[in-house]
Amino acid sequence: MKARRHFLAIAAALAAAAAFAAPAAAQGTIKIGELNSYKNFPAFLEPYKKGWELALEQVNAAGGVLGRKIEVVSRDDNGTPGDAVRVAEELVSREGVAFLMGTFPSNVGLAVADFAKQKKILFIAAEPLTDKIVWESGNRYTFRLRPSTYMQTAMLVPDAAKLKKKRWAIVYPNYEYGQSATRAFKELLKKAQPDAEFVTEQAVPLGKIDAGAVVQAIADAKPDAIFSSLFGPDLARFVREGNTRGLFKDTPVFNLLAGEPEYLDPLKEETPEGWYVTGYPWYGIDTAAHKRFLDAYQKKYNDYPRLGSVVGYATMMTAVEALRKAGSTDTEKLVAAMKGLTLDTPLGPITYRALDHQSTMGAYVGRIGKKDGKGVMTTYTYADGARYLPPDDEVKKLRPAE
Amino acid sequence: MASIVAQFLNGLASASTLFLIAVGLSLIFGVTRIVNFAHGSLYMLGLYAAYSLIDRFGPTPLGFWGGVIGAALLVGALGALVEVAILRRIYRAPELFQLLATFALVLVIRDAVLWHWGPEDLLGPRAPGFAGSVAILGKPFPEYDLLLIAVGPLVLVLLWLLLNRTRWGTLVRAATQDREMVGALGVNERWLFTGVFALGAFLAGLGGALQIPREPAQLFLDLTAISDAFVVVVVGGMGSIPGAFLAALLIGEIKALCIGLGTVTVGGVAISFSKLTLVVEFIVMAIVLIVRPYGLLGKPLAMQRGAGAPVELPARPDGRAMALAGLAVLAALAALPAAGTPYAVVLAIDILVFALFAASLQFIMGPAGMVSFGHAAYFGLGAYGAALLLKRAGLPMEATLALGPLVAALGAALFGAFVVRLSGVYLAMLTLAFAQIVWSIAFQWDAFTGGSNGLVGVWPSGWLSGKTAFYFLTLACVAAGVFLLRRIHFSPYGYALRAGRDSPLRADAIGLDIGRLQWVAFVIAGAFAGVAGALAGYSKGSISPEVMAVSRSVDGLVMVLLGGVQTLSGPLVGAAAFTWLQDTIARNTEYWRAILGATILFIVLAFPQGIVGQLAAWLGSRDRGAPEGMVGWRRRRA
Chain A
0 MKARRHFLAI
10 AAALAAAAAF
20 AAPAAAQGTI
30 KIGELNSYKN
40 FPAFLEPYKK
50 GWELALEQVN
60 AAGGVLGRKI
70 EVVSRDDNGT
80 PGDAVRVAEE
90 LVSREGVAFL
100 MGTFPSNVGL
110 AVADFAKQKK
120 ILFIAAEPLT
130 DKIVWESGNR
140 YTFRLRPSTY
150 MQTAMLVPDA
160 AKLKKKRWAI
170 VYPNYEYGQS
180 ATRAFKELLK
190 KAQPDAEFVT
200 EQAVPLGKID
210 AGAVVQAIAD
220 AKPDAIFSSL
230 FGPDLARFVR
240 EGNTRGLFKD
250 TPVFNLLAGE
260 PEYLDPLKEE
270 TPEGWYVTGY
280 PWYGIDTAAH
290 KRFLDAYQKK
300 YNDYPRLGSV
310 VGYATMMTAV
320 EALRKAGSTD
330 TEKLVAAMKG
340 LTLDTPLGPI
350 TYRALDHQST
360 MGAYVGRIGK
370 KDGKGVMTTY
380 TYADGARYLP
390 PDDEVKKLRP
400 AE
Chain B
0 MASIVAQFLN
10 GLASASTLFL
20 IAVGLSLIFG
30 VTRIVNFAHG
40 SLYMLGLYAA
50 YSLIDRFGPT
60 PLGFWGGVIG
70 AALLVGALGA
80 LVEVAILRRI
90 YRAPELFQLL
100 ATFALVLVIR
110 DAVLWHWGPE
120 DLLGPRAPGF
130 AGSVAILGKP
140 FPEYDLLLIA
150 VGPLVLVLLW
160 LLLNRTRWGT
170 LVRAATQDRE
180 MVGALGVNER
190 WLFTGVFALG
200 AFLAGLGGAL
210 QIPREPAQLF
220 LDLTAISDAF
230 VVVVVGGMGS
240 IPGAFLAALL
250 IGEIKALCIG
260 LGTVTVGGVA
270 ISFSKLTLVV
280 EFIVMAIVLI
290 VRPYGLLGKP
300 LAMQRGAGAP
310 VELPARPDGR
320 AMALAGLAVL
330 AALAALPAAG
340 TPYAVVLAID
350 ILVFALFAAS
360 LQFIMGPAGM
370 VSFGHAAYFG
380 LGAYGAALLL
390 KRAGLPMEAT
400 LALGPLVAAL
410 GAALFGAFVV
420 RLSGVYLAML
430 TLAFAQIVWS
440 IAFQWDAFTG
450 GSNGLVGVWP
460 SGWLSGKTAF
470 YFLTLACVAA
480 GVFLLRRIHF
490 SPYGYALRAG
500 RDSPLRADAI
510 GLDIGRLQWV
520 AFVIAGAFAG
530 VAGALAGYSK
540 GSISPEVMAV
550 SRSVDGLVMV
560 LLGGVQTLSG
570 PLVGAAAFTW
580 LQDTIARNTE
590 YWRAILGATI
600 LFIVLAFPQG
610 IVGQLAAWLG
620 SRDRGAPEGM
630 VGWRRRRA
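In order, the protein sequences belong to chains A and B.
Going by numbering that gives the first Met the number 0, the first sequence runs without a break in its numbering and finishes at 401.
Going by numbering that gives the first Met the number 0, the second sequence runs without a break in its numbering and finishes at 637.
Chain A on its own, in the form it takes in the complex (with noise of 0.2 Å):
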């Protein structure tokens, strides 16, 4: 099967020299472009992917949206907004799609989103974490579904002010995403506990880090707590180093986003047990809406859920009810629907606020720990994403006007 896959692949590139004429447009479909880095990051973006084709392959199933049915014309955007943005425009130019979904990192999102601003088509941005995109960048084309790295932060503060520690050292991978992480963090612990101090700050290179002597300097900070953002291959050299020199062993720590299953999982037998983390502990969500969820997924694929196959869903179910709420594929009139639209995740309801396009999705906030050899949440609530952002008042002076 893999053999064909190839064959076929090969054999399109040979065909590749009829790119320049316009394929046929399939009649009547309503289609929709994506975009994402698949080739770069694509631990995340692989479940992602097959998230949004479940989506699909159910709202087709069920007749379409508006009487027609969806195609997604998804692209690969190598990563850099360059070709992010080049892909867009021939999305919107070439295969005429009516919106544009999608992205991965924040330098892309934020370029891709600048793109819609100035073409007037409508964004939504699925992953690109950076508070950014809705805040001090945000425009009238763009919405984002994920919770921001700032709301993620916010999640972590209250269980951290509970433990009353004084002196933190705070890690964090030194691009905006680990910098604005770094800065909320220290922003609102200093606000539900003014005697906090951060005694140490490491900033790593991305996939870079140099984890022994990290593990060591922070060790030789005595804190009492660590905040780190650390993810992927720096997170499993930080963890891994920092359980055999035992920096762990009496000092809480908080990590953003390790309790993702995509980070979490390549931890195994190293997994460090009661790290207190945001993620998604798809083994334990009752709820009706992810059961239902989980099992078409698993039917299909038979293979567990990462939380980019749940983006990948929610941002299709967000694409597809915005059309039907819009009632057309007029680009204001689609804008006009997501401002305030509200629909059904696996997570649960969420809905696109008016004020800065940001969704109310929320990340699952609890403990991690080991089960037979695997890193899993062991404790954990849902944190809904509308609780975990600043007053309105404060947005509103964030946000460039319309």
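Quick caveat, the hints were computed from the structure, so don't treat them as lab data.
The C-beta atom is built at its ideal place from N, Cα and C for all residues, glycine as well.
With the C-beta cut set under 10 Å, the calculated list includes, among others, these residues of chain B facing chain A:
#1 D110
#2 G117
#3 S132
#4 Y143
#5 F219
#6 G261
#7 K274
#8 T276
#9 P341
#10 G449
#11 V457
#12 A535
#13 E545
#14 R586
Assemble chain B onto chain A, guided by the hints.
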């Protein structure tokens, strides 16, 4: 005190790791002069293979160490295969052409790994017997790190013995100095090279496999490893194995020091040494190369006989046919908005921008003989210069389009002053160091440059906002740029530049100031790259540090080499081919990197002079008549 000792040991452990990553690359370069871009990919394969083998054998001592050695052997065998199947065929291609082949391998290996091992990070087991930690001055220190600290020097000693105390080693060293002579004495140098390449690959695989207890196998390892490896090799001196060890030690310790220092307040100003880790190795490299142009223990490269391509004959100005062909292409491009689809115009803008970028790179690589691994810095300075003047200084877009390139030219003037004192790969790596330093500033200075997110809202003025209008602006700028570069190429200055490249001693003797000529070339190339960058920014409406990242520099190199480094139209063809291929393949296939890589490999083997270079050679043009005696005696500075 205990902390300092512990951080020193941490530094030693990462130094050992760095050394193992780099030593194979140094060995391969020292003997074959191949700049092996795929070295990081081999390292990554070592980690993945070791993960799978240990998984199969079980994490017993035998299973673990058997897995590590087995993985290294497998990667070594793959290295031999690559050398025999691909690289051996292109030793006579122009300098650095092998780089293109190894770049293609990076793409293929990345996708092959994704296909076979899947996207998830794979964290291997701890090493049996070295799983825990020991207390050193009261601080727990991993046993495995102690082992690594010992392995580095052990490999160094073994390699030294191999190269200095065995017959094979003697032959390898002889081949390093004079391939033809070794061949004339009846030694089959081909197998010697295969052996060296396999050994280098084995060491890369071993370096990767030994990291199993320390980090997960993951798909970004190839790029991080190759950048670390290059830095260590160059700081140590290309081809010098003890030098690589010393460099690894230096960089490992400096990094540990930066992390250990954390944030230090000096006179009321908080300096975060921790943030410096983003770029510290490149700062070290820049300083070392400025002070010691051949690295810590490197020597000036010996003139190599039997390597490289035939020398080119002096350039002749374009004939009428060429001028007509140029005009025809220009006319066809001008007709594109009327004849083509809207997307063709969008893609053509990208292609034109990269054509100018590649042409500016070719200008220093070709006539000036300076290879740059960091040309994206000037592309990025042009883009950021224009965008910042627009956003922060409020200048009109038209003015920034002229001033952005000026920023790039100023940057090139500053860095060029240091760069032209070097030659060959050292020069290339110093350009890379400067590019990384500029990149890290743009990446970190959130308040001014927008940090890692970059700047949005960089759109052209109203009258240019239509794609067609912007296309004609781009076409005009790029055509003018390419035309000017050609004119400079055939001007007396261009000839003087080539004289300095081909025969530095004679050029010096007739009173040409080569350093100055090259510096001017660097500034000119920087300015034109800046034009391309400014156009790129406005065509996308946003920029981020990615416009000046290593990958952009590599893309530029690939375009130039793909088209043919010694031809003037080569970079244009290369840019068009590469951009179009990537766009088309990525749109139509899932594993597009691998297919792009395979396509490049095919071009490399079918057109070993680059596309235009090879076509010119086939058409029996001027390249063919190079006298045999001149083969290989090209381009070395005294």
